[in-house]
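Asks: Per the numbering used here, residue 19 is the first one in the sequence shown, and the count goes up by one each step.
Hints are computed from structural coordinates only; laboratory data are not their basis.
These numbers were taken from a predicted model, which means no experiment stands behind them.
Each hint should be verified, as a subset may be incorrect.
Distance windows between CB atoms, simulated [to be verified]:
#: 1; residue 1: Ala206; residue 2: Asp282; range: 22 to 30 Å
#: 2; residue 1: Asp254; residue 2: Asp173; range: 23 to 31 Å
#: 3; residue 1: Leu305; residue 2: Phe103; range: 53 to 61 Å
#: 4; residue 1: Gly223; residue 2: Ala116; range: 30 to 38 Å
#: 5; residue 1: Ala297; residue 2: Arg381; range: 14 to 22 Å
We treat Cβ as the ideally placed atom computed from N, Cα and C, and that holds for glycine.
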Amino acid sequence: MLRELRAGEDAGRSLVVLHPVDVCLDGLYSELEARSANRTWYAVDLRELQGRPGTLAQRLLDHFGWEHSADGADWALLVDRLVGFGLAIRHRDQSPDARELADFIGKFATASARYGPHHRPVLAYAGPFGSISPVPIDDVAVMCVYWWGYVSPLDTLVVVDEVLSASRVVGDSEAIAELAAWDLELAASLAADWGAEAEAQALLGAYRAAVPEEQGLLREAAAASSMERYAGPPTDLLDAWARGSVNWWGERALVHIGRYPPCDFEAAVRRRIWRGQVAAVLPYVELARERLAGWLDSRSHLVGDRWRYKDMVALEVGPLEKVFHESAGLRRAVPQYELARLLRQTRHRLAHLKHVNRDELVRIQDLMSAGLFT
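Work the whole structure out from these sequences, hints included.
Replies: What follows is the structure in structure tokens.
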């Protein structure tokens, strides 16, 4: 998004960024200022204008100690003072007057359009959806961007790993990240009380109870998937997006799991746990298979006649289990046989789109760290 905003600034377009209500984009201003090669920025928080009389333009002129008039052209005076500069308007505690802000941005852009793009003063405002009304329309002087709020899977994994610490079992971090998606608060809650499906159902059930139902949300989100990534969201999705229930649109829309209807809720939980486990558990199963196959290859004299001349290292987990079952010389290798059985069951379940019980993963991990291959 910074790349698009920087391009807009270079073209002399004022910047309006709208975001969900629970997101803070204060860092956006500092990034713009740090990366701006063409302009020095003035910054003002709306709190600093409290108690000053007049229009927003008059209050800004008064704040900076600049002369203003009483003939209604204060926005033009402000633009003239800001030629070649940028003005960042912030708000933290005080909500702006949505209509006044929209009117000011429109007049500011109109007045600044008489200057060339390299000298044209630009304004930057980032606020939650609803803080400006009507929303400005993109044109040569204004760029309006809906911040789509995407938190990457790696961001979520960092939060989950920090909470889980040393208590994680293979697949835990990835499954929780799939369930929580971009909702870092939910990710931390799940990680703090994680025990796989049963606990996930309980935690998400309580979380879901606090989320208002919206008819047709999933359908609308699916319809939005064909939209451009930085385009505005469909009207029917705006309220849900503003509350953080829809993460983004374009390519595929991500909807908070708390928004799934009752008939799909349990299936959605299972599907996301499975998706996370596939990413982590399948490579772990392959690592365990390699070690177990190497252990058998070094003990070929214990292997039954049917398997003695097979390439042990190349055997998959199913045949490996059969080697133990059909080899009398391996009857004392009880934990290795158990590991082979668990590996086969695990990969079978994942291949059939079913998630693995966490107790079985705990047991596999315990066996792998029990010195079986020494």
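Asks: Check the following: the C-beta atoms of Asp254 and Asp173 are separated by a distance inside 23 to 31 Å.
Replies: holds (28 Å)
Asks: Determine whether the Cβ-Cβ distance between Gly223 and Ala116 falls within the hinted range of 30 to 38 Å.
Replies: holds (36 Å)
Asks: Could you say whether the range 14 to 22 Å given as a hint is met by the Cβ separation of Ala297 and Arg381?
Replies: With Cβ atoms ~20 Å apart, the hint holds.
Asks: Using the C-beta atoms of Leu305 and Phe103, is the stated range 53 to 61 Å upheld?
Replies: holds (58 Å)
Asks: Tell me if the beta carbons of Ala206 and Asp282 are separated by a distance inside 22 to 30 Å.
Replies: holds (25 Å)
When held up to the earlier numbered hints, the structure conflicts with none and fits them all.
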